[in-house]
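Let the sequences and hints guide you as you build the complete structure.
Note that the protein sequences, when read in sequence, are chains A and B.
This note's numbering puts the last residue of the first sequence at 308; the count rises by one with no breaks.
This note's numbering puts the last residue of the second sequence at 247; the count rises by one with no breaks.
The set of hints was computed from the structure by calculation and includes no laboratory data.
Accuracy of the hints is not assured; some may be wrong.
[To be verified] Residues from chain B that keep clear of chain A, each with C-beta distances beyond 10 Å, as calculated:
id : residue
1  : T25
2  : G64
3  : L88
4  : A124
5  : P141
6  : Q157
7  : I178
8  : I183
[To be verified] According to the in silico footprint, chain A covers these stretches of chain B (three or more CB under 8 Å from chain A):
id : stretch
9  : 73-85
10 : 145-154
Every value quoted in this text rests on a predicted model; they were computed, and no experiment measured them.
We put the CB at the ideal spot given by N, CA and C, even for glycine.
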Amino acid sequence: MFASKKSRLAAGVLAAGALLALSACSSGGGAFSTSSASSSSDSVTVGSAAFGESEILMQIYGQALAANGVKVDYKPSIGQRDVYLKALQDASIDLIPEYTGNLLQFYDKNSTATSSDDVYAGLGTALPKGYEVLDQSQAQDADSYNVTKAFSEKWKVTSLDDLKKVTEPLTVGANPEFQTRPYGIPGLKSAYGVTATLKPISDSGGPLTVAALKNGDVQLADIYTTTPAIKDNDFVTLKDPKNLIAAQNIVPLINTSKASAKVKDILNKVSKELTTTDLIDMNGENQGASKTQPDAVAKKWLQDHPIK
Amino acid sequence: MTDILAAFGWIFDPVNWAGASGIPTRIGEHILYSLLTLLLACAIALPIGFAIGHSGRFRGLAVGLSGALRALPTLGLVVYLALITTNLSIGPPLIALTILAIPPVLAGAYSGLESVDRAPIDAARAIGMTGWQVFTKVELPLALPLVIGGIRSGALQVIATWTVAAILPVGGLGRFLIDGIAIQNYPEMLGGSIIVIVLALVSDGLFALAQKLVVPRGVTAGRVRDTTEGEARHSGRASAPEGAPTT
Numbered sequence: 001m002f003a004s005k006k007s008r009l010a011a012g013v014l015a016a017g018a019l020l021a022l023s024a025c026s027s028g029g030g031a032f033s034t035s036s037a038s039s040s041s042d043s044v045t046v047g048s049a050a051f052g053e054s055e056i057l058m059q060i061y062g063q064a065l066a067a068n069g070v071k072v073d074y075k076p077s078i079g080q081r082d083v084y085l086k087a088l089q090d091a092s093i094d095l096i097p098e099y100t101g102n103l104l105q106f107y108d109k110n111s112t113a114t115s116s117d118d119v120y121a122g123l124g125t126a127l128p129k130g131y132e133v134l135d136q137s138q139a140q141d142a143d144s145y146n147v148t149k150a151f152s153e154k155w156k157v158t159s160l161d162d163l164k165k166v167t168e169p170l171t172v173g174a175n176p177e178f179q180t181r182p183y184g185i186p187g188l189k190s191a192y193g194v195t196a197t198l199k200p201i202s203d204s205g206g207p208l209t210v211a212a213l214k215n216g217d218v219q220l221a222d223i224y225t226t227t228p229a230i231k232d233n234d235f236v237t238l239k240d241p242k243n244l245i246a247a248q249n250i251v252p253l254i255n256t257s258k259a260s261a262k263v264k265d266i267l268n269k270v271s272k273e274l275t276t277t278d279l280i281d282m283n284g285e286n287q288g289a290s291k292t293q294p295d296a297v298a299k300k301w302l303q304d305h306p307i308k
Numbered sequence: 001m002t003d004i005l006a007a008f009g010w011i012f013d014p015v016n017w018a019g020a021s022g023i024p025t026r027i028g029e030h031i032l033y034s035l036l037t038l039l040l041a042c043a044i045a046l047p048i049g050f051a052i053g054h055s056g057r058f059r060g061l062a063v064g065l066s067g068a069l070r071a072l073p074t075l076g077l078v079v080y081l082a083l084i085t086t087n088l089s090i091g092p093p094l095i096a097l098t099i100l101a102i103p104p105v106l107a108g109a110y111s112g113l114e115s116v117d118r119a120p121i122d123a124a125r126a127i128g129m130t131g132w133q134v135f136t137k138v139e140l141p142l143a144l145p146l147v148i149g150g151i152r153s154g155a156l157q158v159i160a161t162w163t164v165a166a167i168l169p170v171g172g173l174g175r176f177l178i179d180g181i182a183i184q185n186y187p188e189m190l191g192g193s194i195i196v197i198v199l200a201l202v203s204d205g206l207f208a209l210a211q212k213l214v215v216p217r218g219v220t221a222g223r224v225r226d227t228t229e230g231e232a233r234h235s236g237r238a239s240a241p242e243g244a245p246t247t
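Set out below in structure tokens:
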């Protein structure tokens with residue numbers, strides 16, 4: 001009994017060791033390829049955060065670059081922002097799709113910029129030396145206040161400014177942090193004079209939040225603008241004329257040493273073509289019934305929008 | 001250590017004791033939800049458990065089934081039930097947690113009845129008691145410490161696990177945990193956890209007391225005579241059978 005326990009333990013240790021060795025190999029390989037590639041600037045390792053939309057964007061960047069003769073390596077699903085930005089800074093990746101507002105907030109906690117242009121301008125100074133953002137796309141994936149079509153028609157509400165006209169009490173379905181965030185309950189009050197209470201639903205505008213809005217548990221729901229459910233359920237996304245919510249335009253974040261004129265040109269063309277509607281459609285293909293893989297989704301978009 | 005201090009600072013801050021999201025309100029909600037869950041679980045599991053223990057039939061089925069129920073991840077079940085019913089009230093977590101509480105209550109019920117010595121049952125029959133009388137006057141009183149032990153272990157799980165329901169817009173102590181992590185308010189999270197722990201310990205203590213109190217006087221008297229040779233064991237659970245919940 002004791003002996004078998006011991007040998008099982010040994011096997012476990014061996015397996016863990018093998019895993020460690022493997023991961024060391026892969027990260028070593030990454031470092032090697034980037035250092036050898038620094039002589040020829042037209043080789044790029046593109047990474048992504050650990051969610052579908054980021055992977056799709058990574059594939060679009062990568063495939064567009066590859067189609068134009070740049071050597072591309074992929075490192076998908078690196079994790080959350082603090083992890084993948086570290087990967088960028090230790091040169092395991094050179095390029096990653098980012099969101100302007102959240103990226104600015106990461107490097108400049110005190111920034112109050114909210115409009116697309118202000119946020120983009122803020123990034124110019126906030127980014128660490130040696131890294132830059134290329135042109136931002138008009139495509140955005142930001143928090144947004146949504147109402148049902150029936151509610152919008154009943155109260156003639158299409159913008160956050162119109163919410164003052166609503167005489168019944170308002171509840172918002174959103175993550176718990178909405179209670180204190182400047183774009184949440186406090187912002188509604190200070191920017192638009194609207195009093196609302198929060199129903200905390202911890203799924204980041206996912207299916208539970210959508211269900212709450214559909215069945216009338218809440219009148220407003222915080223859902224990311226590129227979520228297919230907005231279109232699928234005919235929700236009305238309220239306009240935000242006072243820029244309460246910080247812009248989250250899609251932008252390529254790149255290691256300056258890799259940003260050759262050719263690479264910049266290709267990525268800027270991608271950003272120019274990309275729209276929020278494209279993102280909704282692509283997320284729909286990725287998350288919907290067909291569950292199309294990110295690389296195939298990206299390939300299709302590039303067929304419709306050839307980048308030369 | 002500073003985290004623990006900050007957590008107690010949070011608990012004893014008067015600001016956190018007022019209003020609809022204050023600590024007393026949340027404790028009240030948590031107790032209410034937990035009691036409701038236990039009542040439901042008892043209503044379902046006790047009759048079934050007694051029937052199995054009394055008749056000795058379907059024991060394998062009950063053990064297997066309640067074992068399988070234990071493996072259901074409560075968080076997943078809460079989300080799944082909320083999605084298929086598009087209901088974000090306490091309904092889905094109430095069902096999920098009742099399912100969590102059934103196995104220990106059921107196990108306590110049937111193993112409690114099984115643990116009863118055959119001799120007093122035979123004696124009861126011999127003096128002409130009906131099946132029902134045997135059950136209510138002999139089996140149940142003797143089994144009660146173990147039956148309550150099952151409810152006790154269910155209560156512990158229910159109190160601890162109701163916190164996951166706070167991913168939905170419901171009250172209870174889980175609010176402090178889920179809302180705290182959303183804004184990285186660790187004193188709030190840790191403070192909320194400490195309150196959950198205290199609540200669980202208090203419940204466990206009350207059930208332990210109840211287990212002691214329900215031991216029939218005759219059994220205790222008999223035990224005193226038994227233990228004259230030493231070996232003073234805790235009353236009422238000298239012969240806990242295998243598979244019975246910890247008491």
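A quick look at each hint next to the structure:
1. Under the 10 Å C-beta cut-off, the non-interface status given to B:T25 relative to chain A holds; the minimum distance is some 15 Å.
2. Against chain A, the non-interface label of B:G64 holds: every CB pair exceeds 10 Å, the least being about 27 Å.
3. With 10 Å as the threshold on Cβ separation, the claim that B:L88 sits away from chain A is violated: the shortest Cβ distance comes to roughly 5 Å.
4. B:A124, annotated as away from the interface, keeps every beta carbon of chain A farther than 10 Å; the closest lies near 45 Å.
5. Every beta carbon of chain A lies more than 10 Å from that of B:P141, the smallest distance being close to 42 Å; the non-interface claim holds.
6. With a minimum CB-CB distance of about 22 Å to chain A, B:Q157 clears the 10 Å threshold, and the non-interface call stands.
7. With a least CB separation of 6 Å from chain A, B:I178 falls inside the 10 Å interface cut-off, contrary to its annotation.
8. A beta-carbon of chain A is positioned within 10 Å of the beta-carbon of B:I183; the least distance is around 5 Å.
9. Counting residues of the stretch 73-85 of chain B whose CB lies closer than 8 Å to any CB of chain A gives 3, so the stated coverage by that chain holds, three being the minimum.
10. Counting residues of the stretch 145-154 of chain B whose beta-carbon sits less than 8 Å from any beta-carbon of chain A gives 0, not enough to reach three: the coverage restraint is violated.
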